[in-house]
Amino acid sequence: MATYNLNINGTNRQVDVESDTPMLWVLRDHLDLVGTKYGCGIAQCGACTIHLNGNAVRSCSVPVSAVGDQAVITIEGLSETVEKAEHAVQQAWLEHDVPQCGYCQAGQIMNAAALLTRNSNPSDEEIDDAMNGNICRCGTYIRIKAAIKTAASKMS
Amino acid sequence: MTLIKTRHNRRSFLKVSTAAGGGMILGFSWLASCTPKKEELLTMPDEWFDINAYIKIGENGVVTIMSPNPEIGQNVKTSMPMIVAEELDINWKHVVVEQADLNLIKYSRQLAGGSQSIRQGWQGLRMAGATARRMLMEAAAKQWQVPLGELTTADGIITHKASNQSIGYGEVASSAAGIEVPEEVELKDQKDFKIIGQPTKNVDGTKIATGQPLFGLDYKEDGMLTAMIIHAPAFGMKLKSYDASAVKSMPGIKDVITVQTEVEERQWSDTNAFTEIVAVVGNSTWEVMKAKKALNVEWEWDTPGENTDEHAQEFVKILESSAKEPARLDGNPKDAFKNAAQVVERFFSAPLLAHNTLEPMNFFAHVTSDKALLVGPIQTPEYLSKSAASVLGLDEKQITIQMTRMGGGFGRRLYGHFGIEAAVISQKIGAPIKLVYTREDDMTQGTYRPSYLVKYRAALDEDNNLIGIHIKGTGSHGSPIFANRFPAGTVDNYLAENLNFQTNISAGAWRAPRSNFMAGAEQAFLDEVAETAGKDPIDFRLELFDRAINNPVGERNDYDPERYAGVLKLVREKSGWGKDIPGVYRGVSAYFCHNSYVAQVLDMEMVSGKPVVKKVWCAVDCGIVVNPEGARNQIEGGIIDGIGHAMYSSLTIKNGAPEQHNFDRYRLIRHREAPVEIETFFVNNGIDPTGLGEPSLPPISGALANALYKATGKRLYRQPFTQQDIVLG
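Residue numbers (numbering that gives the first Met the number 0), protein chains in the order written: chain W, 0 to 155; chain X, 0 to 728.
Hints are supplied without guarantee of correctness; some may be wrong.
[What the hints assert, rightly or not] The list that follows gives simulated cross-link-like pairs (lysine to aspartate or glutamate, EDC-like), each with its CA atoms no further than 16 Å apart:
1) X:K427 x X:E275
2) X:K568 x X:D545
3) W:K148 x X:E676
4) W:K83 x X:D203
5) X:K614 x X:E678
6) X:K292 x W:D19
7) X:K289 x W:E17
[Claimed, not checked] Label pairs and their in silico Cβ distance ranges:
8) X:Q312 x W:S152: 53 to 63 Å
9) W:D15 x X:Q312: 51 to 61 Å
10) W:D15 x X:F192: 56 to 66 Å
11) W:S152 x X:N550: 49 to 59 Å
12) W:N118 x X:R664: 24 to 34 Å
13) X:N503 x W:G67: 48 to 58 Å
14) X:E185 x W:A70: 52 to 62 Å
[Unchecked claim] Covered stretches of chain X (in silico footprint by chain W; criterion: 3 or more residues with CB under 8 Å from a CB of chain W, positions within the stretch not fixed):
15) 227-241
16) 306-317
17) 344-358
18) 401-410
19) 625-636
For the record, the hints were derived by calculation from the structure and aren't laboratory data.
The beta-carbon is built from N, C-alpha and C at its ideal position, and this holds for glycine as well.
Let's have the full structure, built from the sequences with the hints guiding it.
Shown next as C-alpha cells:
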C-alpha cells in the first residue's frame, strides 16, 4: 500500500492503494466516481476513457503510480457543475438522444471531448479514426458521429 | 373514445393503490397554484399522493410515473411512462420517471424479452393513466358539485367551463386517492394523442451523459465487499480442488469459498453450465482480481470437451438424415422437386455468439437469516426471485429485487445465475457483497447464441414459378426453423424439418432468437432463387405475398402477408428501387418477427476496392409508434448490430474451452464499419403497437449479403462473412 495524492476533477484527493491499481478502480472503488466504466480491462473497448492532462487514456491500463500530479478529468468533471450536462459534447449527446443502454457513453463522450480539443473541426474520417477504439454494443455509432459534428459546430 | 372495463385482466394494481393512497393526506396544501410555474416544475413536491401503482402526484402537480419493466437499452423507461402520461392527460415536462422494483401484486410481466414490453403493456398502461385521470376528475366534480360529464382535462388541469373553474391535478390528488376505482374508463382517441407519437428524449439522458450511478456495477452499500468468481475453463469440466491458503493472506482478501447454485427445479431462466464455482471475496475490485489470478484451481473432466470444427462436421452429417416427423408439410414436395425444371440448393451457417453486453454480469446481494435484498441488472426479476428463494432456502416474500438500468441485455440477462451466485456468496460470507464478472468470465461463461446449419432447397417450374420449398435445419440448441413463417403459405409444396443435436455448451436467447440467423439465410436464399428465376427480388417476394393474400397454402401461417408486402412496397418506394445508380450495389431483405414487420434496402459502394455500407433504408410496421425518437434509435442499433455480427463476430470452442476471452480476439463492429446513414420509415396504420428491440436486426444480414453479392460477385453463406474473405472498408 502507498499513499497517492491525485488531482481529480480539479480537487486534490488522497488514496491508499497498491501501486499497480489501475486508475479505473481507484476512481470507482476508492473515490466513488463510478461514471468511468469497466468494459474489458485491456484497453480494447474504451468504456473507461478519462482525460490525463487533456489526453484521452484508458483508465483500466493506467496504474495509479503513473499518474503523479497530472490533471485527471472524469465524466463527472467534464462540466463545470456536477450532474449538469453543460459541456458541448454532452449537450450534443442529449440533442441527438444518442444512448440506448448508455453504458459505453461516458467513454465515448470523454473520447469525443478530447478529440474536439485537439481538432475542433474533424472530418468523418478523423472522427472514425479517433473513435474506433470505443465499442458501442447497442450500435449508436451514427448518432455518436452526428453528435460530435454538432458539438464541433457549437464549439467553433 | 373507447370504453374499456378496468377489471379485465386482473389489474390488481387498482386495488393496491387506493389502499396506499389513503394515509397520505397530511401536509396537503390547498394554496398550491393550479398551473405550476416553470421554476416549480423542477421542484419536488412536499407530499406525494399515490393514485395507483403507476402514478404518484405531488401537491404541486409534478407526477411520478413508475416504469414497471427492466430497462436494457430498449428505452421502455421512457416509452412505457409516456403511455401512462398520455391517458392521464398531463404535460410530459411535469413527469418524473422511477424504475419500479419487482412487485408481482402491483404489476404484471416485469420482464424484458421478446420485444414484448410495449405490446403487452399497452392496454394496462393506458388503463392506469385513464383510471387515475377519471379519479382526479371525480374528485374535482365532487368538490365543485358539478356533473362529471361537464369536466375536461388538458396538461394536468381539470376545467369546468360552465362555471369557469379550473384546478390542477396536484390540488385534487389527495381526495382522488380516496375515490373508488371506476368500473369503466374512457380511453383517448388516437387523434387526440399529444405524447404518444412525439419524439421524446431518453428520461435518463442527462444522468448517462454525466456519469451518474445508474447501473448494477455502480451500486454500493456501506460495508459491501467485492466478490469475483472462477468458473471451469472448459465446458465439460467440473471443480476438483483448490488451495486458497496463500491467496487468503493477500491484501484485502476476506475469503475464498466454493459456491453451489444448482436450482432444484430449474426454470428455463436457470440455464447455466457452471453450477459449482469458486468465489474470491475481498475489499476492493483490484485486490480481488489479483487474488483471483493467483488462485490455483484444479478442474477435472466430467463430460468430454467439444470442438467447433467437429460440431460443423456433425451438423452436415445430421442434415443428411430426415426428421421422423416434419415440422410442416404442404402438398407433395418430393414430386415437386422431381418434376422441377430447376432446383436451387444452398447451405447457410452461423457460429456461436457471445452476448457481450458492455456491462459485464454483476449483482449486489445482502442476504441475512430472514431476508434477501438483490439489486442489479436482470431481465427476468420474477424468475430470479423464485430460483434465488429456492437456493437460499427463503420464502419468495422474503426476497426484494431492485432493478438497475442495464448496460445491455440482448437476452443475456434473461439467465440470472449471476444473481443467484451473488446471493449464495452473501449468505455464506454473511455480508453484503457485489459480484463482478471480468470480461473474460463473462465471455467464457456460455449461454451463447447457438451455432446453426440450414439447408434450403427451392424448386422452379419451366415458367420460373416457385413450386416447392424444403428447409432442413439443426443447431447447438435446437433447429432454428420457424416452420409456419414465410415462405410457408406461399408455395404449394413445402416441407420443413428440424433435427436435433446434443452438446454440453450452454446456449440461450440472443437478440431475436433463431430469427437473428434465419432471416438472413432465408432472404439471401430467396435473392438467389429470384435471380435464378430471372425476377426482380422485390417483385419475386411480392408475388409470393400475393399468393398468401389471395390463396394461402396451409392452415396456419404466422404472419399477415398484407403488412409484410406493405413494408416491402414502402421501402421500394422510399429507396427508389429499380433505378440503377452507377457505383451503388443494392440488396433487399424483409422479415417478420416479434410481431413487427421490417423491410430493408442496403446501398453499398466500393471505396478503394473495399465495400462500404453507404445507406440503409428501413421500412417498419410496428403499428402505433409510441416514441419515434427511441424507435429510430432501436432500428438503427439493430441494423448496426446485425451487420456487425454477420460480418465479424464468432465464438469458437477448442477442447471445450472458448478461444475468445476478450475484445482483442472477439470482433465487434466498430465506428469505422458502421453504415454512413440509416433512414427509417414507419407505416402509419393505427394498429396497437408492437415492439422494436429486436425486429430490425434479423433481416439486415440478408440485405448485406445480397448487396455484397452485387458488389463482389460472391454469394455469402457462412457467417461471419469475414471467413469468406470479405472485409468492409
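- Between D15 (chain W) and F192 (chain X), does the C-beta distance stay in 56 to 66 Å? 57 Å, holds
- Falls inside 52 to 62 Å, the C-beta gap from E185 (chain X) to A70 (chain W)? 60 Å, holds
- Task: Below or equal to 16 Å on CA atoms is what counts here, so check K427 (chain X) against E275 (chain X).
- Result: 14 Å, holds
- Item | Range hint 24 to 34 Å (beta carbons of N118 (chain W) and R664 (chain X)) holds or violated | 31 Å, holds
- Closer than 8 Å, Cβ to Cβ, for at least three residues: run that test on the region 401-410 of chain X against chain W and report holds or violated. n = 6 at 8 Å, threshold three: holds.
- Is the Cα-Cα distance between K614 (chain X) and E678 (chain X) 16 Å or less? 8 Å, holds
- Message: Within 48 to 58 Å: is that where the Cβ-Cβ distance between N503 (chain X) and G67 (chain W) falls?
- Response: For N503 (chain X) and G67 (chain W) the Cβ distance comes to about 50 Å; the hint holds.
- Message: Tell me whether the statement that chain W covers the region 344-358 of chain X is true, taking a Cβ distance below 8 Å and needing three residues at minimum.
- Response: holds (count 4)
- Task: Mind checking the hinted window 51 to 61 Å against the Cβ distance between D15 (chain W) and Q312 (chain X)?
- Result: 56 Å, holds
- Starting from the range 49 to 59 Å, see whether the pair S152 (chain W) and N550 (chain X) falls in it by beta-carbon distance. Between S152 (chain W) and N550 (chain X), where Cβ atoms are some 56 Å apart, the hint holds.
- Message: Run the distance test for K289 (chain X) versus E17 (chain W): straight-line Cα separation, threshold 16 Å.
- Response: 11 Å, holds
- Do three or more residues of the region 625-636 of chain X come closer than 8 Å to chain W, measuring C-beta to C-beta? holds (count 6)
When the structure is compared with the earlier hints, violations turn up for hints 15, 16 and for no others.
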